[in-house]
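Participant: With chain A's structure known, arrange chain B on it following the hints.
2 protein chains.
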Amino acid sequence: MSNAQSQIPEVVIFRLPIYLYMLSLLTEENTEVVSSQELGTRLQMTPAQIRKDLSYFGKFGKQGKGYHVKTLSAELRKIIGLDQEWNMALIGVGRIGKALLDYGNLALRGFKIVAAFDIDPQLIGKKAGGVIIQDTRELSKTVNNKDIKIGVVAVPPTQVQKAVDLLVGCGIKAILSYYPVATNVPSDVRVRKVDPMFALQTMTYYLRRLGPV
Amino acid sequence: MSNAQSQIPEVVIFRLPIYLYMLSLLTEENTEVVSSQELGTRLQMTPAQIRKDLSYFGKFGKQGKGYHVKTLSAELRKIIGLDQEWNMALIGVGRIGKALLDYGNLALRGFKIVAAFDIDPQLIGKKAGGVIIQDTRELSKTVNNKDIKIGVVAVPPTQVQKAVDLLVGCGIKAILSYYPVATNVPSDVRVRKVDPMFALQTMTYYLRRLGPV
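Top line first, the protein sequences correspond to chains A and B. Residue 195 in this note's numbering is what sits at position 47 of the first sequence, and the numbering runs on without skipping anything. Residue 302 in this note's numbering is what sits at position 154 of the second sequence, and the numbering runs on without skipping anything.
Chain A with its partners taken away, still in its complex shape (with noise of 0.2 Å):
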């Protein structure tokens, strides 16, 4: 790890997924290079904006010549560290839980839940989605031997603290919570929460300018 790249503003690193999302837009169009001022029009952003946010991470594409596409995408894709595949553990086999272990590893391409765990003895034991659910005693040990790098919290609200310390104390550094609940952490680790509300607050601008509701 640079120094310079443990200096980038947060802010700057959620917008690479758009970028990467950007780009592969522009691969299945079969567009091979594009500008700074192309991007910025497609994402309403100025050309200067993107030249500074991409500059962070090193010299892409050439002056005037504008960046090759398949290049820069597989670079963001490196600098993100989508270029590896993440194993993940879900604590919480409950309705999103299965969900999860049944859907979820077909639509998350990179990520995949190798491990789940509850604390329900009639869940333990149990499979599903192709894993065997396991007591929540034994997450230290399956984190180790499993290369767990993220944890997936799907228990009810009232238990995300306790799942979410389980995982801390194992040494998991990131953690997706799928409810809106706050959590304390220790300031090395980061916590997302899978949040509907940013999505639904974009449609309602539209529906309202549908006419009067």
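Incorrect hints may appear among the rest.
Cut-off 27 Å, straight-line C-alpha distance, at most; resulting in silico cross-link-like pairs (BS3-like, lysine-lysine) [said to hold, decoys possible]: (1) B/K341 <-> A/K226; (2) A/K275 <-> A/K218; (3) A/K341 <-> B/K226; (4) B/K341 <-> A/K341.
Honestly, the hints are just simulated from the structure, not real lab data.
Facilitator: Okay, now just chain B, sitting in the frame of chain A:
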């Protein structure tokens, strides 16, 4: 609806919730006025970009004086459509659907699931999260009676298109889908997917920098 507003690029609309989120943080910090410079620093965007985005919707703030946080926040909430409550219909009371009924209304301020539908006779008539699960055949009537504008689809992937078609048939123009399955809808209908991929992708960047994995 002004013609000008209907021409606003969708990516700009996508940034409005981000501005609103930042303004809510500033409100919590008791900041009364914020410059586009300061907003730019916080969001790592150029001040010009922010001013351009906001200028689509009118004149906010005074030259050299910055934006009044509470006023801009209230204006954006109005533009996005968050100054009213939105009634939603849930299709599919399986694992995710039940969880949404149990906890969703607590978490989704301004958005309320007022009706739930399923095709399973075992579920129809039962109560979940304050609503009585109805037969999907009653969807159209309920959408009208309860002034429902948004559909939430939480059925298994193979049933998503069918559920979306049902909603579209009832005149619903905004749909939130809980599985990342592609759907076909008329061009005036917006479908958003609750997608944990972006959240995961912003964490792997940091995981990679923790050392070899």
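Participant: All hints, please: hold or fail.
Facilitator: Here is how each hint holds up against the structure:
1. B/K341 <-> A/K226: 25 Å, holds
2. A/K275 <-> A/K218: 40 Å, violated
3. A/K341 <-> B/K226: Holds, at roughly 25 Å.
4. B/K341 <-> A/K341: 15 Å, holds
Checked against the numbered hints given earlier, the structure breaks only hint 2 and satisfies all the rest.
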